[in-house]
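**Student:** Once you know that position 258 of the sequence shown is 258 in our numbering, the rest is easy, because the numbers rise by one and skip nothing.
Don't read these hints as lab results, they were simulated from the structure.
A few of these clues could be false.
To be verified - Result set (DSS-like, lysine-lysine): computed pairs, CA atoms no more than 30 Å apart in a straight line: (1) 346 x 360; (2) 95 x 162; (3) 180 x 162; (4) 278 x 360; (5) 192 x 278.
Since the structure is predicted, the reported quantities are computational estimates derived from the model, not experimental observations.
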Amino acid sequence: MIFSLEALQAFHGDSLLLHAGSADAPLLVLIDGGPSGTWETSLQPRLEELRAERTGDGDGALRIDLAMVSHIDDDHVHGMVDLAGELVTEQEDAKPLRYGVRTLWHNSFDDIIGNDADEIRTAAVEVLSEPIGDPRADEIREAGLAVVASVGQGRELRDQAKQLGWGINEPFDGPVVLPKEGVRTITLGAVKLTVVCPHEAQLEKLHAVWDKWLEEHPKAVAHDAAATAAFTDNSPYNLSSIVVHAECNGMTMLLTGDARGDHVLSGLDEAGIAQGGKTHVDILKLPHHGSIRNLDATFFQRITADHYVISANGRDGNPETETLETIAATRDDDDFTVHLTNRSGKGDLEQRLDAFLAAKQASGRTYDVRFRDEAAHALRIDLLEGS
1 MIFSLEALQA FHGDSLLLHA GSADAPLLVL IDGGPSGTWE TSLQPRLEEL RAERTGDGDG
61 ALRIDLAMVS HIDDDHVHGM VDLAGELVTE QEDAKPLRYG VRTLWHNSFD DIIGNDADEI
121 RTAAVEVLSE PIGDPRADEI REAGLAVVAS VGQGRELRDQ AKQLGWGINE PFDGPVVLPK
181 EGVRTITLGA VKLTVVCPHE AQLEKLHAVW DKWLEEHPKA VAHDAAATAA FTDNSPYNLS
241 SIVVHAECNG MTMLLTGDAR GDHVLSGLDE AGIAQGGKTH VDILKLPHHG SIRNLDATFF
301 QRITADHYVI SANGRDGNPE TETLETIAAT RDDDDFTVHL TNRSGKGDLE QRLDAFLAAK
361 QASGRTYDVR FRDEAAHALR IDLLEGS
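Work out the full structure: start from the sequences and follow the hints.
**Tutor:** Structure, rendered in structure tokens:
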């Protein structure tokens, strides 16, 4: 039996592979595809390695039992669009498809806020077409471009999936959410998956906020709409992140997308996973690439793990040193490991990590910090012995 997680080189984004079941016929779940460049650099090469291993001669199709997009930010969805796009091309050229995806979990923004997604795109395009003059013009334009791209990518992926005959959000009827009453759990081979976020009530609130904001700001862009949210991390896409708790043979993973910390905590409570307000998992994939903006000490006190996984490359200051320090400060023991996909990258990442490691050593703490081998497509954590 195997139960493993791979965090691919996804630069400043996320792309994960979950393996579970028998070593001879393991289940494969793909969570997010990373930003531009991830598909060519790590995701496609790793899938090709798996296809060669699992199809014998390497000429058959690799089965992907579930592909999931946590949310439509470019650093999570771009590689998934690339994957589906290549398969569409193969289909149109009447070539055998290299990968067979059984179902796609994907809450497109249209699913979440309905036709308002069109109004958001229209507002963003209007601002992008206006003359430059605002001192915040560059920031506003960048935000507008992100809105147009992300909503468009979400729709493109949905269209590609339909063309390829993938199931959409099966076995659910509508978006993948934690319902107002009960839980939403499926058994996929050897794995039990429980939806922790987003909560149905949270999406309804988000929809209402968008409606109100659109009435008041007909020509603004979504970047400014984010200010209507109540938490420090205000991205509406992040607020709608799919979070799942995975369990296999008594071992557990919590895969959080870019969800807000308080939403994850409340979802664990409502799904009946937390015990006395606390949850321990074998693997915790940190939300938002190790940013401290939507996490605090309470989050790490209430969710503990044997393995903390952070996918980041220094862009936007992630992973933040404060996040690493908070993990350590909230643990009474050193029986855990922090895994990072990159030791060097954007900005002062390497210097900050070196300083953190030096301070850790000086303090006498013995928990482990591990990095993806720069020559490897991914770092991998095996929770069960393969057999």
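**Student:** Run every hint past the structure and note whether it holds.
**Tutor:** Structure-based check of all given hints:
1. 346 x 360: holds (22 Å)
2. 95 x 162: holds (18 Å)
3. 180 x 162: holds (28 Å)
4. 278 x 360: Given that 30 Å is the threshold and the Cα spacing comes to 26 Å, the pair holds.
5. 192 x 278: At roughly 20 Å apart (the allowed maximum being 30 Å), residue 278 and residue 192 satisfy the hint.
Figure legend: structure checked against the earlier numbered hints; every hint is met.
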